[in-house]
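Visitor: Position chain B relative to chain A; hints supplied.
Line by line, the protein sequences are chains A and B.
Here our numbering is used: the first residue of the first sequence is 1, the next is one more, and so on.
Here our numbering is used: the first residue of the second sequence is 1, the next is one more, and so on.
Since the hints were derived computationally from the structure, they do not count as laboratory data.
Worth double-checking, as some hints may not be accurate.
The list treats identical chains as one, so a pair stands whether inside a single copy or across any two.
Distance condition first, Cα-Cα at most 35 angstroms in a straight line; then the derived DSBU-like pairs of lysine-lysine [stated by the list, open to error]: (1) 62 <-> 154; (2) 47 <-> 62; (3) 62 <-> 163; (4) 154 <-> 47; (5) 47 <-> 163.
There are 2 protein chains.
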Amino acid sequence: MRRSVIEFWFDFASTYSWLSAVRIEALAQASDCAISWRPFLLGPIFKAQGWTSSPFNLYPAKGRYMVRDISRIATARQRAFVMPDAFPANSLAAARLALAVGDDDIAAFTRRVFEAQFESGADISQRPVLEAVLQSIGLDAVAIFAASEAAAVKDALRGNTAKAQSLGIFGAPTFVTADGELFWGDDRLEQAIAWARC
Amino acid sequence: MRRSVIEFWFDFASTYSWLSAVRIEALAQASDCAISWRPFLLGPIFKAQGWTSSPFNLYPAKGRYMVRDISRIATARQRAFVMPDAFPANSLAAARLALAVGDDDIAAFTRRVFEAQFESGADISQRPVLEAVLQSIGLDAVAIFAASEAAAVKDALRGNTAKAQSLGIFGAPTFVTADGELFWGDDRLEQAIAWARC
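One chain only, chain A, in its complex shape:
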């Protein structure tokens, strides 16, 4: 049986992407799906539709609700939730690193960056935070940081963001199945997996 691939499009600053990043592997494995990790930047997509920041900052009632919604879900899933002081974090460095670590390490790297941010409240725009994550999974932080600044990595991230926009992605997380269906939000993850019929 050929394993069906689900693309997992996420921005490192996104709270709902965190909820998915820490559970998608177990869910995918149980369904024999393969996950393709696709970091991108929401910033340019928000900007293109006239938003200067996260909708959770632009619309305070929505922002307050998001924190409460995430808190309830985290409690139900027995996960700690700490809202970082700066939100949304600048996720550029994390996204480039995710592309630089390569396919073997992107899942572990991504999960740990999200955990540092939303379970410990760390500011993931800060290099020492990202270095600690790289080291925690046995990678050479200095070498990976250097690699993440290569033109090819910068281009790959710009390419991901442009691809997200061309797919019609307007928020994160978004799951895209092989037949091109979009599923937006952590609350659509199970539906995406069922649709993919892995």
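Guide: Frame of chain A, contents of chain B only:
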């Protein structure tokens, strides 16, 4: 045992409110919850945050996604889905009528208005459409229309919208439990009922 009340805040023009309106009674009954039906207008709330229309019109990618998301959910629930030509409909008359029919009939009236709109594609801003709904549940359409234009009804609807805004409601449907928790979206209905511990 005292039955717990869940407030169901909805706008008649809202697709996701339709999804909830047609299933909330069965879910509530199974959990022994009581539903308090709260029609309000999203328009003034959107306007207060700078939106001149539905976000599904302002942000086309989001609008296209909504139609596809609703289609998939409707199919899974074995319900027809027809997107009306005019969206969002002007829901003022329907909302006033919902308040005018009274507590005994608001559930049936609301469900049928939503069904006419999103299962048959009817324009619910049109009086004949609303008259047909009133007649289908055995009410005197002419008398109810007259009653719906009373100052008390107009004030009640304005009061509902102001209350929604003061509760922090920014979209529909929203479910509010007795302890003041907000749950936004049809996909949070089960969670709201579980929270209410009816």
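Visitor: Compare the structure with each hint and give your call.
Guide: Now the hints, each set against the structure:
1. Taking the shortest Cα distances, residue 62 and residue 154 sit within 35 angstroms of each other both inside one copy (32 angstroms) and across copies (27 angstroms).
2. Taking the shortest Cα distances, residue 47 and residue 62 sit within 35 angstroms of each other both inside one copy (18 angstroms) and across copies (15 angstroms).
3. With identical chains, the CA atoms of residue 62 and residue 163 are at most 35 angstroms apart both within one copy (27 angstroms) and between copies (16 angstroms).
4. Taking identical chains as interchangeable, the C-alpha atoms of residue 154 and residue 47 lie at most 35 angstroms apart only when both belong to the same chain, with a minimum of 19 angstroms there against 39 angstroms between chains.
5. In this homomeric assembly, residue 47 and residue 163 come within 35 angstroms of each other (Cα to Cα) both inside a single copy, at 16 angstroms, and across copies, at 32 angstroms.
The earlier numbered hints are all upheld by this structure, with none contradicted.
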